[in-house]
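Colleague: Residue numbers (the working numbering), protein chains in the order written: chain A, 304 to 745; chain B, 304 to 745.
Simulated from the structure, these hints should not be mistaken for lab results. A portion of the hints provided could be inaccurate.
Because identical chains share one entry, a pair is satisfied inside a single copy or across any pair of copies.
[To be verified] In silico DSBU-like cross-links for lysine-lysine, where the CA-CA straight-line distance does not exceed 30 Å: (1) K400 / K704; (2) K340 / K583; (3) K704 / K353; (4) K385 / K326; (5) K704 / K314; (6) K704 / K643; (7) K609 / K683; (8) K385 / K314; (9) K436 / K340; (10) K704 / K385; (11) K609 / K385.
Fair warning: this is a prediction, and the values are worked out from it, not measured in the lab.
Number of protein chains: 2
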Amino acid sequence: MLDNAAGTDIKIAGWVRSVRVQKRIAFAEISDGSTLKGVQVIMEDPLMAKGLTTGCSVEIAGTLSDSPGREQSKEIQANSVKIIGEADAETYPLQKKRHTLEFLREIGHLRPRSQTIGAVTRLRDYAEMGLHKFFHDSEFVRIHTPALTANDCEGGGETFNVVTLGTEHPESDFFGKRVNLTVSGQLHLEVFAGAFKRVYTLNPAFRAEPSQTGRHLSEFWMLEAECAFVDSLSTLVGVEEEMVRSTTQFLVDNAGAELDFFARDNERLAQLVRRLTDQKPYARITYTEAIDILQRADAVANFVFKPRWGQGLQSEHERYLATLHFEGPVFVTDYPAAIKPFYMLPNPDGRTVACMDLLVPGPCELLGGSLREHDYSRLKSAIEAQGFEEGSLDWYLNLRKYGTTPHAGFGMGFERFIQMLTGLDSVRDIIPFPRHTGRCQY
Amino acid sequence: MLDNAAGTDIKIAGWVRSVRVQKRIAFAEISDGSTLKGVQVIMEDPLMAKGLTTGCSVEIAGTLSDSPGREQSKEIQANSVKIIGEADAETYPLQKKRHTLEFLREIGHLRPRSQTIGAVTRLRDYAEMGLHKFFHDSEFVRIHTPALTANDCEGGGETFNVVTLGTEHPESDFFGKRVNLTVSGQLHLEVFAGAFKRVYTLNPAFRAEPSQTGRHLSEFWMLEAECAFVDSLSTLVGVEEEMVRSTTQFLVDNAGAELDFFARDNERLAQLVRRLTDQKPYARITYTEAIDILQRADAVANFVFKPRWGQGLQSEHERYLATLHFEGPVFVTDYPAAIKPFYMLPNPDGRTVACMDLLVPGPCELLGGSLREHDYSRLKSAIEAQGFEEGSLDWYLNLRKYGTTPHAGFGMGFERFIQMLTGLDSVRDIIPFPRHTGRCQY
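Same shape as in the complex, but just chain A:
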């Protein structure tokens, strides 16, 4: 809109972000959500600003002109200002002054009008588009995996039940059996990888995991992908790395102002964006090497949990590796089999599995993936060892019976990706309507 030449007649509609009335002139900043910064409107008669308050909706007609200010290149000389919907200055909660993110969460229906949530929302929008572009350019097919499932991929995790009656008699409830909200679309995605070779999904996932911190959501969006005919971790790492690189680049190209809004006073964040987009491969170490690095670092870092081979990496460990040791993204591969799920492909060493996590500064674990066990008998044994109800995963096993292929896949928390690029502490500020323990607003 502001790309037009000075002198062009123009109409805008939006919400007043701020008003300044002087003796002979008045100014208002109008936001319509399309950009980070609002549009500066000049009213040469201060009476035109009568009734304008922060938050009210307006339609303004005027003429575009070059701005003398440094803040914007164009502004609008108003000919007419029409108030559409008022916003009582006494009670409207979003005044010009800065608000804390905690306060904004309390007014979830108004916080999209704040600059921070506005920027996050546009980043989400472009990030989704960037992901779709990457996957289509890479010949993946988008699959709509289900939210309702009779299956629990991670094996007895903390899931939500879906009922119409109660939990006691699932056999007489709507579906005739116990149904959960999905924790992962992986198994369903593998079904389609057995026909389309490369598939992905970007869907809500759900975890009934109690959390009082800003690290976890009960409902979040997850990007998951599966590739048939892939038998090396390097191939999978290549797909993951290129997804992160190209999607971040897409944001640099299309939402540079939003990225800059978060990174301008945060050189570490600016540096991370540059690192994610440059062509140099991301660092890559094995879990065993990671433990070695952590054990050597412990003298200085003094971890609460002492790093020990065979145990999972704690947040403090992941943070050390990504933030201090590598100062950027690092793939950690080949974790001990005992701490990973049944479907991962064992390595020849008999102790580890062919898997990886991508650790990054900020949210730490950004994505995780693995080669999948594709041999019928070995997978059958793994399922039995896990204690799944007999027959419950026969459909999944059957994929290994008919035209099985080596294959691999991964999942990335969509909110974590955005959180990494904004540097925001709480993932509750990354999603439009956060759901977590004790909280389901609206």
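The hints should help you fit chain B onto chain A, whose structure is shown.
Modeller: Relative to the frame of chain A, chain B by itself:
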């Protein structure tokens, strides 16, 4: 891949769809899910086809050559054929012969390998991309509305409860209150329309509505959009019509083979695709005119439900209008207020509301939308009249208190859109994993 010149060395990986072994030559059709038709592979030594069965996975190296057949332009002269995963010909359920869609539903983990479900899956993929393209070209922002909600937009509809304990004490359950799966993202979307002007979502929605027919799913995908500063139904109809037209055109351009697969023996369907994409405005009548048409038609059509002003249109009525009377898409506007939800804007006549349904041959009702009541006091009265728990919709009401604008929106069933373009009878064949009464496979 087949776009390369004859003589190019080529490798493919995929699944065998059929094998023909003759005395001096063998043929196999290999599918990798990327196109409707598989790739024809010629084996000049019939022994190369040893062990090949329908459903097994293979890697084949060879040379691309021009095909003498009419069915494909290129084929592959195989140099090597490697079986990756076998498929026992005795037990593999998907043999070459045609299977019914009902049979395919029983093997949900294998049906993506069938040609029909393959074509549907690619149409879904491209339709989603076409929708994203349309909305971004039209300056809409994509919002991830929640699946979990404490709110029930349609007012006491048939919703699924989400629990970790049971239904009796929601106050001590995970969220500390009763939480449902969303039936519509509209109200949440309106929150964001109050900041971004034009917003949309493509998300799962859920209805616990018992249905034994192929018309309804318990989990389905819904496209919803809201536009602030819109005060006329014509503007909204314009957005809806252009969305349907441009997304259908996107499919014609990118998935023409898939559309043709369904339309080639179905002239009505082919005609519908042409009608949807041509520039002539879709037909538009009022509800009152529709009742008039239906009453006059009744002598011949002999409807089970006699059309009467003030009552909803039945499927048989919608089908008559779209399929027989208009033979194409028709907007029906301005329904009686009494049969529509509380948030729709009343017309000056006091009897009807400013709303529309778009009826099409096939699924009948493709989308529905309306202007929204944007006046605080009138909406408050409407909410009270509806009997909502006091205060439960204060957040929604507040959007009318602070910077309200005339606005409008609509929702389209994503599966219905695909169903319309495939002519398939059951929506259960349109979604990867159908969920409905008594059925939640995997």
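Colleague: All hints, please: hold or fail.
Modeller: Structure-based check of all given hints:
1. K400 / K704: Classified as between; 20 Å across copies, 63 Å inside a copy.
2. K340 / K583: neither (34 Å within a copy, 39 Å between copies)
3. K704 / K353: between (75 Å within a copy, 19 Å between copies)
4. K385 / K326: within (21 Å within a copy, 84 Å between copies)
5. K704 / K314: between (64 Å within a copy, 24 Å between copies)
6. K704 / K643: within (24 Å within a copy, 52 Å between copies)
7. K609 / K683: Answer is neither: 35 Å inside a copy and 59 Å across each miss the 30 Å cutoff.
8. K385 / K314: Within one copy, since 11 Å is at most 30 Å while 65 Å is not.
9. K436 / K340: Cα proximity of K436 and K340: in one copy and across copies (27 Å, 24 Å).
10. K704 / K385: Between copies only: 17 Å across, 69 Å inside.
11. K609 / K385: neither (65 Å within a copy, 48 Å between copies)
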